[in-house]
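Start from the sequences and build out the full structure, keeping to the hints where you can.
There are 2 protein chains.
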Amino acid sequence: MIGIFDSGIGGLTVVKSIIDHLPEYDITYFGDTARTPYGTKSCNTILKYASENTQFLLDHGAKIIVIACNTASSIATKYLRQKYNNIIPVFEVISPAVKLCLKTSTKNRIGVIGTRATINSNIYEKKIVEKQPSAKVFSVPCPLLVPLVEEGWEKKPETKMILKKYLHPLKTKQIDSLILGCTHYPVLKQIIQEKIGKRVKIIDSSIAVTKEISEYICQNPHICKSLGKNNKSHFFVSDITDQFKKTAESILKKNIDLKSSGGTS
Amino acid sequence: MIGIFDSGIGGLTVVKSIIDHLPEYDITYFGDTARTPYGTKSCNTILKYASENTQFLLDHGAKIIVIACNTASSIATKYLRQKYNNIIPVFEVISPAVKLCLKTSTKNRIGVIGTRATINSNIYEKKIVEKQPSAKVFSVPCPLLVPLVEEGWEKKPETKMILKKYLHPLKTKQIDSLILGCTHYPVLKQIIQEKIGKRVKIIDSSIAVTKEISEYICQNPHICKSLGKNNKSHFFVSDITDQFKKTAESILKKNIDLKSSGGTS
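Respectively, the protein sequence lines represent chains A and B.
Residues in the first sequence are numbered from -9 upward in steps of one, following the working numbering.
Residues in the second sequence are numbered from -9 upward in steps of one, following the working numbering.
These are calculated hints, taken from the structure and not from any lab test.
Hints should not be assumed to be uniformly reliable.
Intra- or inter-copy, both count: the list cannot distinguish identical chains.
[What the hints assert, rightly or not] In silico DMTMM-like pairs for lysine to aspartate or glutamate, Cα to Cα no more than 20 angstroms straight-line:
1. Lys154 - Glu144
2. Lys185 - Glu148
3. Lys244 - Glu144
4. Lys93 - Glu120
5. Lys222 - Asp49
6. Lys93 - Glu115
7. Lys154 - Glu141
8. Lys155 - Glu144
9. Lys154 - Glu184
10. Lys219 - Asp16
11. Lys191 - Asp166
Written as structure tokens, this is what we have:
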């Protein structure tokens, strides 16, 4: 099956996109809720956690790994590819978003929002400028958005005010595209669109990575054959609480059976 | 020395209080920043982490253990006392705050704010009613306050709005005392006082636990003798980032040498 991991439950926006666009494939999700969030942690700690999460998914029969977490994607992709790429393809959420953004951007004035770790890593700017040296990239860390989403506060006025404050420097830069550099943010897409203005194209990495996975499966029939196609999804977390279950179901818009991974943390 | 642990850096409000009131004693602090926050995690996970943190402090020579984290205090105190109390006294931040609150409350209408885990555990209400059966306790979870403090947003208007929203149900209950049931919250004490009204007495658990430790040391000269008195403090965290260092120094109001605990997580 397709194995997807995230630091918590934000990566479920990627699961939702894969289920919406590739409904036949079996999915196993692992959310490292016992150690969430990754966005405030150091590189070495994130490498260790990403590696453990990948092993958990491989042990459960994953034939494709998707890092559905921008922080882990920015820090651990190279390491995980070196460690596992001979065995299994490793997808991440950053390059697909960059590719999609450069395809649609008209003026190459690109905004990026993400956790502090993702923005500090400068990964989006590096990848964008590598492909389009004339592009101007403006990045803003938005560390409070993850807790606001996890609290289900996406429609509260305080969230709108905080978003307005975070997006203000990007508005003054007259960006034409805005990359949502955190898998929690698609939940806030509508308000972000409202605050940044209608003319800015919002790039949602969950949709971008789904397109890449879909193309890869088409081009690699042996991988396609190895994937379960029973329309089944399994959801594991390293720690279960009522709030995680509530937010997870709100992101997926359906009830799910959230299982404990049993001592991964 | 006095060993103090917390899920992250909020427990430094307790360190600050101990340094202010008992400056001669050596302190070792351990903040489990690699796995912070505890407030959203399950009981079993918190028991495991609290036990590992205590062992870390004992290995570094602690003669007194202080759980400077309400979530861990509410869930792990009994367990840690059973496990370590023959070796070492274990202090927590809840009972001292309850004791101080009941001493000063005039109408016994008491408000409690804390993380979701602390409030769900109902520990404050149980302890208050056990000592004062006629007391009325009103509890409100405030899960966004920890990330706001950790971001250094304590003076931002959004924080004031969020606090106003959180405190509103307590205002309508006409409480006369408010327990800050999370060690991060003393950082917000001034705004909390502003929003809840001047007549409400705010109970700060960092000050309450310091008083208990001070009394215990006076009454137990063999413990007093065993404690280092070189006015030295050591700060360990399971994960170091610039933001943690910045917030830690802002809480302690001085520069510190933040050391890695080396693989506790």
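Right, here's what the structure says about each hint:
1. Lys154 - Glu144: Answer is both; intra-copy 13 angstroms and inter-copy 18 angstroms each pass.
2. Lys185 - Glu148: both (13 angstroms within a copy, 16 angstroms between copies)
3. Lys244 - Glu144: within (18 angstroms within a copy, 37 angstroms between copies)
4. Lys93 - Glu120: within (14 angstroms within a copy, 65 angstroms between copies)
5. Lys222 - Asp49: Only inside one copy: Lys222 and Asp49 sit 17 angstroms apart there, 47 angstroms across copies, limit 20 angstroms.
6. Lys93 - Glu115: The answer is within: 16 angstroms in one copy meets 20 angstroms, while 58 angstroms across copies does not.
7. Lys154 - Glu141: both (19 angstroms within a copy, 17 angstroms between copies)
8. Lys155 - Glu144: Both. Shortest intra-copy (15 angstroms) and inter-copy (15 angstroms) distances satisfy the 20 angstroms Cα cut-off.
9. Lys154 - Glu184: Within one copy only: 9 angstroms inside, 25 angstroms across.
10. Lys219 - Asp16: within (6 angstroms within a copy, 61 angstroms between copies)
11. Lys191 - Asp166: Cα proximity of Lys191 and Asp166: one copy only (6 angstroms, versus 51 angstroms across).
Of the numbered hints stated above, none is contradicted by the structure.
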